[in-house]
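There are 2 protein chains.
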Amino acid sequence: MSEELSGGLALDAMGGDLGVAESVEGLKLALTSVPDEKLKDPILVVGRETELLPALESVGLKDDPRIRVVHAEDVIGMDEKPMQAIKKKGKSSMLIALNLVKEGQAKAILSCGNTGALMGAGTIKIRPLDGVERPALATIIPGKEKFTVLIDSGANPDPNPIHFVHNAVLGANFAKIVLGVENPRIGLLTIGTEEGKGGEKIQQAHELLKSVGTAIGYEGLVEGYHLFDGDVEVIVCDGFVGNAVLKSCESLFKVISYYLKKELKKSPVRQVGALLAKGAFKGMKDHFNPDEYGSAPFLGLKAPVLKAHGGSDRYAIAGGIKIALNVIEHDLTAHILEDITKVNELLAKQG
Amino acid sequence: MSEELSGGLALDAMGGDLGVAESVEGLKLALTSVPDEKLKDPILVVGRETELLPALESVGLKDDPRIRVVHAEDVIGMDEKPMQAIKKKGKSSMLIALNLVKEGQAKAILSCGNTGALMGAGTIKIRPLDGVERPALATIIPGKEKFTVLIDSGANPDPNPIHFVHNAVLGANFAKIVLGVENPRIGLLTIGTEEGKGGEKIQQAHELLKSVGTAIGYEGLVEGYHLFDGDVEVIVCDGFVGNAVLKSCESLFKVISYYLKKELKKSPVRQVGALLAKGAFKGMKDHFNPDEYGSAPFLGLKAPVLKAHGGSDRYAIAGGIKIALNVIEHDLTAHILEDITKVNELLAKQG
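Chains A and B supply the protein sequences, listed in that same order.
Under numbering that gives the first Met the number 0, residue 350 is the last one in the first sequence; the count climbs by one each step, no gaps.
Under numbering that gives the first Met the number 0, residue 350 is the last one in the second sequence; the count climbs by one each step, no gaps.
I should point out that these hints are in silico values taken from the structure, not numbers from a laboratory.
Careful: at least some of the hints might be erroneous.
Given that identical chains are not distinguished, each listed pair holds provided it fits within a single copy or across any two copies.
Unchecked claim - No farther apart than 27 Å at their CA atoms in a straight line, the calculated lysine-lysine pairs in the DSS-like style are these:
hint	residue 1	residue 2
1	K341	K61
2	K86	K61
3	K260	K341
4	K175	K277
5	K87	K265
6	K200	K341
7	K348	K209
8	K284	K27
9	K264	K253
10	K277	K301
11	K145	K284
Just so you know, these numbers come straight off a predicted model, no measurement behind them.
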């Protein structure tokens, strides 16, 4: 690794389900639409040179001044056990990309590789921000008209009440930059808004959030019924609930699509109808699978660590790159640190 | 109340969002399709006589020998706080119907009223079965081709590991009768099937379930991704997760329908397409909103307590009544008691 290497985003080009070529196509798409002023520093593209260089060449990016190639001879597979992979695969694209961030040679990382490995190695190498005990995974979900940030979508299955407050701060800062909302409204996910419902931990988190509410924009409890209504811009929950909810909703969406297709094939008349209404189905699919929001940040570390879906195609990867560049440009980490410090001081005063 | 009153199902005809008339229409529908041998005992219809009698008269059920009217002068509203309502509204249709079960004058109750009040008063009046610490709410969810029982969908947000085992037994016995599956397969919902994922409590529950696995049909961990795939007939989870997942999926379904309608209206061609494909949309809606499964049982009490959705229409209420009659006919409670006793003995032997 060259001493004077200095970049903006470190892109782990390996480890996605669709391979290096798709990552490089995504990079090409992103570079086509991102204005130069957002690219003050080159993107460090990390991967096995024997695969990466031909892929870059084939899309005309091999000698592009906006990128630098960093060789990594190994890859972490999707099915590898995270902790074992972290120990054994120091020469993998993911770990080398994380090292670039750790050493200050890059400002953020985007990977579509193994989530557990990225969260584990991210925490070990980049370290949590001062004042944040447990980082959290945020996911952007589509709503009726707008988008919402759900946090935590799977990092910390068993948070304590104060972690919910931190999640609120992390999610709100991400929403500000990515959804472009000045004062995001925050809701705490529960299972009934009556007094005492949802269990002790949620009640404690609710009280803490209320106590710092004006500082962070806390609106109160929200129920699953309103998850996709867009009444708030940030929904806070524990990592178990967030993950179960998101995956179940993905499962439902798949089954609905499957079932609708089956129903639409049942008669020639329906088939004609389906053909005429094709654009509507595509519009719906695009809305609920928004590639422009193709990455989930692992928030609360000393630099942004962003995760794209393992199955990301070029459009999702391009979307993920744009989010990463946005987050670098607006210095998400500095804003989070400021707000976390403020909230921790408020909580300390209350005792 | 007459001393010699003796019935099968106690139907709380009040408290639903659509009122007494809709409940009575549901009753009429159910009576039309249920064979007489399933109706050994009359259905005790509980409600305010001034509203109930005219409603029954208008559908020709007033003097039907298959029903008896039990007067209740009060109703518990949907928005009332459960514990207050239970204390103050002893003369409500829900509490009178529960008393009929408690006194042995009815064998089960179906209500579409206030869920919290029904679970609270059900637990107080009917009492948990011997060996069951915490009753659980089960919900039937549609899948790709078949249906699945999710338990717990909201009764116990903070179960201990043994409660998960009990939920498995409760859910499996309900699935046997209602889905007609002889040996239901059981899965435990988690957020990643790797070793150690999902938190300590889920791991402990997983170990306990494995230890009694052959006795109850435990298949192992399942992820949200597979919730609607129908790989298992019973999905076990805690009441917080189950409730959040179900409500979020309802929210997603609503938003998808809303969005699809909007897309289909965007051009005249799409509108024609939508018209031709109308049957497919109806087919899908019916599949994902199955009225035949219009009730969720609160399982683990000494008699079946069934909850229909607050917004149930006549078809959902008729479906709920049929499930209730089925559960009475097959003596769900006796089967649960037998299996719970067996499983508790197995667990006790293991120490």
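Okay, which hints does this one fail, numbers in order?
Structure breaks hints 1, 2, 3, 4, 5, 10.
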